[in-house]
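Model the full assembly from the supplied sequences, consistent with the hints where possible.
Protein chains: 2
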Amino acid sequence: MELFYSKDIEGGICRLDQDESAHCIKVLRHRAGDEISVIDGCGTLYRCRISVDSPKGVEAMVISSEEGWGGHPYRLHMAVCPTKNNDRYEWFAEKACEIGLDEISPVIGEHSERRVFKTARVEKILVSAAKQSLKGAVPAVNEPVSVKEFILEQGERSFADAQDDKRSASDRLLLIAYCFEDETVPRRSIKEVLSEHECKEIVVLIGPEGDFSRAEAELALSHGFIPVHLGDSRLRTETAALTAVSAVYFRHM
Amino acid sequence: MELFYSKDIEGGICRLDQDESAHCIKVLRHRAGDEISVIDGCGTLYRCRISVDSPKGVEAMVISSEEGWGGHPYRLHMAVCPTKNNDRYEWFAEKACEIGLDEISPVIGEHSERRVFKTARVEKILVSAAKQSLKGAVPAVNEPVSVKEFILEQGERSFADAQDDKRSASDRLLLIAYCFEDETVPRRSIKEVLSEHECKEIVVLIGPEGDFSRAEAELALSHGFIPVHLGDSRLRTETAALTAVSAVYFRHM
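Those protein sequences? They're chains U and B, same order as listed.
For the first sequence, position 64 (counting from the first letter as 1) is numbered 64 according to this note's numbering, and the numbering increases by one without interruption.
For the second sequence, position 213 (counting from the first letter as 1) is numbered 213 according to this note's numbering, and the numbering increases by one without interruption.
Errors might be hidden in some of the hints.
The list treats identical chains as one, so a pair stands whether inside a single copy or across any two.
No farther apart than 30 angstroms at their CA atoms in a straight line, the calculated lysine-lysine pairs in the DSSO-like style are these [stated by the list, open to error]: (1) Lys26 / Lys84; (2) Lys124 / Lys84; (3) Lys26 / Lys56; (4) Lys26 / Lys124.
Hints were generated in silico from the structure; no laboratory data involved.
This structure is a prediction, so every number in the text was calculated from the model and none was measured.
Structure follows, in structure tokens:
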């Protein structure tokens, strides 16, 4: 099934950008009258009929639409420190999107060697991964923030939720996976912690090669994060992150 | 922790090959008298003291050894069809080794586009992955066989096990993950099937981009393979394979 991606769908008209248009007309040789499938990246699949078959800008009429197409029964936000090697992060983003992911936050830890992150590149990879794995929604990628900023932000959100009578803080599960043994707060496996909670909204914080600092871990715990481990294997940052994505996927399987 | 790999450990003497020796002496600047850690790739970690510090061939005296070092509580054999793109298979091999894997069989399906496989390259990747993830055992890589040969071979092994009064066929769990819906034999999730079996020895068969043929699936079922699915997400071959590795990892977590 061939999918196109467009952010420009309104009033029953769908427009493809130049790349998608060129692919649609020059490569796949679609012509006016042909039906195509388009995702808006927000979870909806549109069936459209091409009205303008220009390789510079395809226009198509929306015939039908399907919300929540190719979705999953939870909302997963992965906050992962950049890896020394970009490819490894991009690989993680692609695979996590295939399995089931909603949002990525690159976070810079005190022990992070790499402190730059190419948001645009990862966004591109996520669009093709979503098309490839037949998902209507493309995961969001945030601009990098420090681990501490991220923790404070998430803590405040949970606090706000708790104030809001419609939702309780427990509607969101905040997890942090670090490697060092903490005498005061023993970590349990992510599998065990996930199995004890019903929440559909999960945030997982994964540290850099050098792990989180004690201060970062303490801040997370004091802001409602539950410490977890990912089992006995020693995993690279990107493998740990994908293993957490799989744990959430299996929890809801 | 810096690990070296050697297949030449006997009589209390450990010899490193030329690559490992050069890395040990030229890069890490070890000298006679230094202690190094060496894995034999079969599950044992050796502490050794360097006696000959030649960059062409290091010799070291074994001080102590630890069997089953960095092991996992199951035996997993993944039979995975080659991916169109080699990198994707090599990526799977590396990640699967980090998480926990014992044996890889490249298998060629009737719908396989790619029919060649570079065993030596994957072996190299597995050695560095095992060193990187602190495992004493390096997963074995078999020469490619057809999916049907593999199924017959596994079926015969289970039959032989059943004859052998020491073990029963149920000591091994044979799983096949295919995508098409089979009216006659409904597939259940790999998580559900794994949870119902205690066996520590698991074989998982993962098909090519074009999926298994009906004939291959039927042959597998008639030889004791249980059909499973990997959830609702549409996964690439290498992602499906790694997801199965994670399912087994979480089953024993």
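> How would you label the pair Lys26, Lys56 (within, between, both, or neither) given a Cα cut-off of 30 angstroms?
Replying inline: So Lys26 and Lys56 pass the 30 angstroms test inside one copy only (10 angstroms; across, 57 angstroms).
> For the identical chains here, do Lys124 and Lys84 meet the 30 angstroms Cα criterion within one copy, between copies, both, or neither?
Replying inline: both (20 angstroms within a copy, 22 angstroms between copies)
> Taking 30 angstroms as the upper bound on the Cα-Cα distance, should Lys26 and Lys124 be classified as within, between, both, or neither?
Replying inline: within (21 angstroms within a copy, 42 angstroms between copies)
> Which holds for Lys26 with Lys84 at a C-alpha limit of 30 angstroms: within a copy, between copies, both or neither?
Replying inline: between (38 angstroms within a copy, 24 angstroms between copies)
Violated hints for the displayed structure: none, as all numbered hints are satisfied.
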